[in-house]
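Residue numbers (our numbering), protein chains in the order written: chain S, 104 to 372; chain W, 510 to 1143.
Hint data in this document are derived by calculation from the structure and do not stem from the laboratory.
Some clues are possibly wrong.
Covered by chain W, per the in silico footprint, the following chain S stretches (three or more residues, Cβ under 8 Å) [as the list claims (entries may be wrong)]: (1) 156 to 167; (2) 198 to 211.
Subject to a maximum C-alpha distance of 20 Å in a straight line, what follows is the list of computed PhoX-like cross-link-like pairs (lysine-lysine) [claimed, not checked]: (3) S/Lys180 to W/Lys927; (4) S/Lys149 to S/Lys305; (5) S/Lys305 to S/Lys227; (6) S/Lys338 to S/Lys327; (7) S/Lys305 to S/Lys335; (8) W/Lys927 to S/Lys178; (9) S/Lys227 to S/Lys149; (10) S/Lys335 to S/Lys250; (11) S/Lys182 to W/Lys927.
Computed, partial: chain W to chain S, Cβ under 8 Å [unchecked claim]: (12) Pro517; (13) Pro731; (14) Phe917; (15) Ile960.
Owing to the predicted nature of the structure, the values given are computational and were not obtained by experimental measurement.
For every residue, glycine included, the Cβ atom is placed at its ideal position computed from N, Cα and C.
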Amino acid sequence: MRAGPMLGRLPIVKMLLVTLAGTAAISAVMLSINWDGQEGSTAAPKIDDLLNVMIVLSAFVFSLVMVMLFYALWKFKAKPGDESDGEPIHGNTRLEIAWTLIPTIIVLFGGAYSWKVLNEIEDKGSNPMTIDVFSQQYAWSFGYPGKGMKFIEGELHVPVDRTIQFKMHSQDVIHSFWVPEWRIKKDNVPGITTTAIVTPNKIGTYQLICTELCGFGHASMRAKVVVESPQKFEKWVTGLTKEIPEPFIESIEQDTETNPAEPLDAGGA
Amino acid sequence: MLAAIKRPGWYRAVLGTLVGAAFGVGLVVVLRAISGLPIWQTEQTGYPHVVVPLITGPLGFLAGLGCFDYWLRWAVGAPTIPEDHSQHGARNWKDYFRFNTDHKVIGIQYICTTFFFFFLSGLMAMLIRAELAQPGTQIVDAATYNSLFSTHAVLMIFVFIIPVFAGIANYVLPLMIGAPDMAFPRLNALSFWMLPLAGLLFVGSFLAPGGAFDAGWTGYAPLSTGAPLGQSFFNLGVQFAGASSIATALNFLVTIITMRAPGMTFWRMPLLVWANLSTSLLVVAATPFIAGVQFMVLFDRILHTNFFDFAAGGDVVSYQHIFWFYSHPAVYIMILPGFGIISEVISTHARKPIFGYRLMALALIGIIVLSYSVWAHHMFVAGMFSWLRVPMMFTTLLIAVPTGIKIFSWLGTLFFGKIHTYSTAMLFALAFIVTFTIGGISGVMLGMVPIDIHVSDTYFIVAHIHFVLFGGSVFTIFAGIYHWFPKMTGRMYDERLGRVHFWGTLVGTWGTFIPMHWVGMDGMPRRVADYAAQFGEWNLLISVFAFILGAVQLVFLYNMIVSWRYGPRAEGNPWRANSIEWQVSSPPPIFNFDEIPRVVGGPYEFGVPGARHAIMAGEGAEVKEPQPSVVGSP
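Starting from the given sequences, assemble the full structure and let the hints guide the process.
Structure, rendered in structure tokens:
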């Protein structure tokens, strides 16, 4: 037997309007809050915009689910003592195709947008400054190969508005380099050199946080990050007296690069 | 006394454990002596004198308990003891502590054991939240804290969520497909008994010098390869839990494929059966990877192999690839059986056929196929080849599509139904749709590489996994336990206490895990015993809700225990469901059916005049088979 037309008996337009109203309300509240905190790099606003777009799309999906659920609960709740069954509707092919295709389009859009953002935030530019990051249980230290192999423990200084390429090394277990205001994170892996690109664009003092569990001192493995004007930075870096110590030089020279230009070359050489 | 030791049972099991352990120690001593190594010296992380007995002791226990008796007799050509089926059924509580081959007894053994670990692990979560209620160190030091959250996760994943689904399915699934038992009852019993051993190994690691394993449930090398002895307890516990899981999955596959009642075609199987079929396909293929990688870590630790030793040319990142090649499919192992439960509960209590039954089944297959191609989304910042990230991002995002199909189909099932919300099972099922949607949304965000770079390894992840595992899996587990409680115990539970439990759990879950998203995005890393003072107030709030969430589980425990003993007697089919397990008495007779039922239609034909799912023994003659055209979706 065939059940009567299903969609025709539902207030589809009203349900959609309530869904859109819900989307607008949730988005208005959610977008008024800066979830990720202060923005301190050129990557940060791009990632935050992506997040905001996703918040709006998610608000739509969430509102749609809630409207469908509560409309059904309000309209089709059994009266006390009613032991009869519902209508024998087994499905609706058009509807099923719709809720397969529409989410597919949404996620493919999200994927393409993410890909674009990823390429932008990892753009090295023409003249990046290289800084080496060394991590060990439970301390950070930094080397400035472009500045006469200068070295300092526990404090990272970078010039503002300059693209930095961090080359990361670990001496023992995996650590992870995260400055929340920069929105950039990368694991420091023993035996390989990992890379992260950042262009800090706001002068200030931040914290570098280890985000990969590395032992009992993990929670306190932090370092100070100072973003300052190029002049101040030059003065600071020339004032450094230590050079990168021998074991760290070894890890710079011996660690494998993670991203050879042609991936298949990695195995051979 | 001698007779007691010869019979399979606890005396022989204790003896077997001791003999097994002694054999292990002896083996190490002899091998070291032959190799010319100092006999008693223990390497820094090795302790072979402990590790080897941790393998042989539990095997001795299983042998003593009688897990291998029949097979060993057969293997050596001795006369096997004929099956008199006296082991079937449980006459009193002691029967649950024996090697028993009855799928219904094993189901209850599974569920009670796993819930024991659920509460133990929940207590650890309470300790964790107590420590995190304020910045600074108050209750446990940083090393103990690391052990606590590692053990919490491992117990919840390996000896609660994964096996409790196996327990529910063990009880329900053979009844649902009209089978008298599982395909391999002895293997089934062995699978169960490996489970408490895994749990004891995990918990026992607290006694090891250096404390319990503390490298997280992920156990990343090289932190794990260089960790103290406790890590070996983890490596080995995973072997027992994994072997149990693989054997059960094999059992389910053979049972579902070969033992369905006549007339039960694939398109007439209830969705719980489809869900367990898909889950089992994942388990048999993926679980060997985690077993293998934990052996590699163990070998690095005690045999000084160099799989993950970077100084000797090992590859650190490869641990993560192998680990996540299991552990991403594992998140579907932890949710697909729950999807099956939700389908049963919603269709029954909305009195409506499942909306788009075939697409629901195909979505499960779509999920298992895609789930093998997404593992590296756990490694976007791990330092793997960066060109791997974009394809993995797209597969990850696409897996939201079959999951979305399921959500919308459950909602579609509600429309034009007669929704009954008196059952706590239905409340959990409806709440699951909402909480799981939120977990899915944060999952899609995490799948996007740029967002993941920022929130990876922060409290955002903690929020996401608890929304999908607690708000998702555990809600479905509660729905399943409440739904089949009358069938399993023959008693009704108290719906009033059930509602207290439901609302407390719902409020507790949202209050605990929603704010975690915010502190994570704002800069709080995960797996830390101490944190910046700016997150203090949020964490206090999270802890308060976590304590509510913990306390309200005691209501559940009380309800289950007291109702099992004193609850009013349950009828055979209190929810007026169609599937076969409800057509027999509660609890079902020892061999399930006097005569195998005959399946004549789909399992969810609510409201179809004259439609039947199965014809039970003794009522066959007068019921005519309905025409196939009313079966399934158009």
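The hints, checked one at a time:
1. With a cut-off of 8 Å between beta carbons, the segment 156 to 167 of chain S has 4 residues touching chain W; three or more are needed, and the interface restraint holds.
2. Coverage of the segment 198 to 211 of chain S by chain W holds. Counting CB-CB distances below 8 Å, 8 residues qualify, and the rule asks for three or more.
3. Between lysine 180 of chain S and lysine 927 of chain W, the direct Cα distance comes to roughly 5 Å. Compliance with the 20 Å bound is thereby established for this hinted pair.
4. Distance check on the hinted pair: lysine 149 of chain S and lysine 305 of chain S sit about 15 Å apart at the alpha-carbon level, within 20 Å; holds.
5. Straight-line distance between C-alpha atoms of lysine 305 of chain S and lysine 227 of chain S comes to about 19 Å, which keeps the hinted pair within the 20 Å bound.
6. Restraint check: the Cα-Cα separation between lysine 338 of chain S and lysine 327 of chain S comes to about 18 Å, which is no more than 20 Å; the hinted pair holds.
7. Between lysine 305 of chain S and lysine 335 of chain S the CA atoms are separated by roughly 14 Å; this keeps the pair inside 20 Å, and the hint holds.
8. Between the alpha carbons of lysine 927 of chain W and lysine 178 of chain S the distance comes to roughly 9 Å, so the proposed pair stays at or under 20 Å and holds.
9. Between lysine 227 of chain S and lysine 149 of chain S, the direct Cα distance comes to roughly 16 Å. Compliance with the 20 Å bound is thereby established for this hinted pair.
10. The suggested pairing of lysine 335 of chain S with lysine 250 of chain S holds, with an alpha-carbon distance near 14 Å, which does not exceed 20 Å.
11. For the suggested pair lysine 182 of chain S and lysine 927 of chain W, the alpha carbons sit about 8 Å apart, so the restraint of at most 20 Å is met.
12. Hint status for proline 517 of chain W: violated, given a least beta-carbon distance of 43 Å to chain S, over 8 Å.
13. Against a cut-off of 8 Å between C-beta atoms, the interface hint on proline 731 of chain W holds, since the closest Cβ of chain S lies about 5 Å away.
14. The criterion of a C-beta within 8 Å of any C-beta in chain S is met by phenylalanine 917 of chain W, whose closest approach is roughly 4 Å, and the hint holds.
15. Evaluation of the isoleucine 960 of chain W hint against chain S yields a held restraint, the C-beta minimum of about 6 Å falling below 8 Å.
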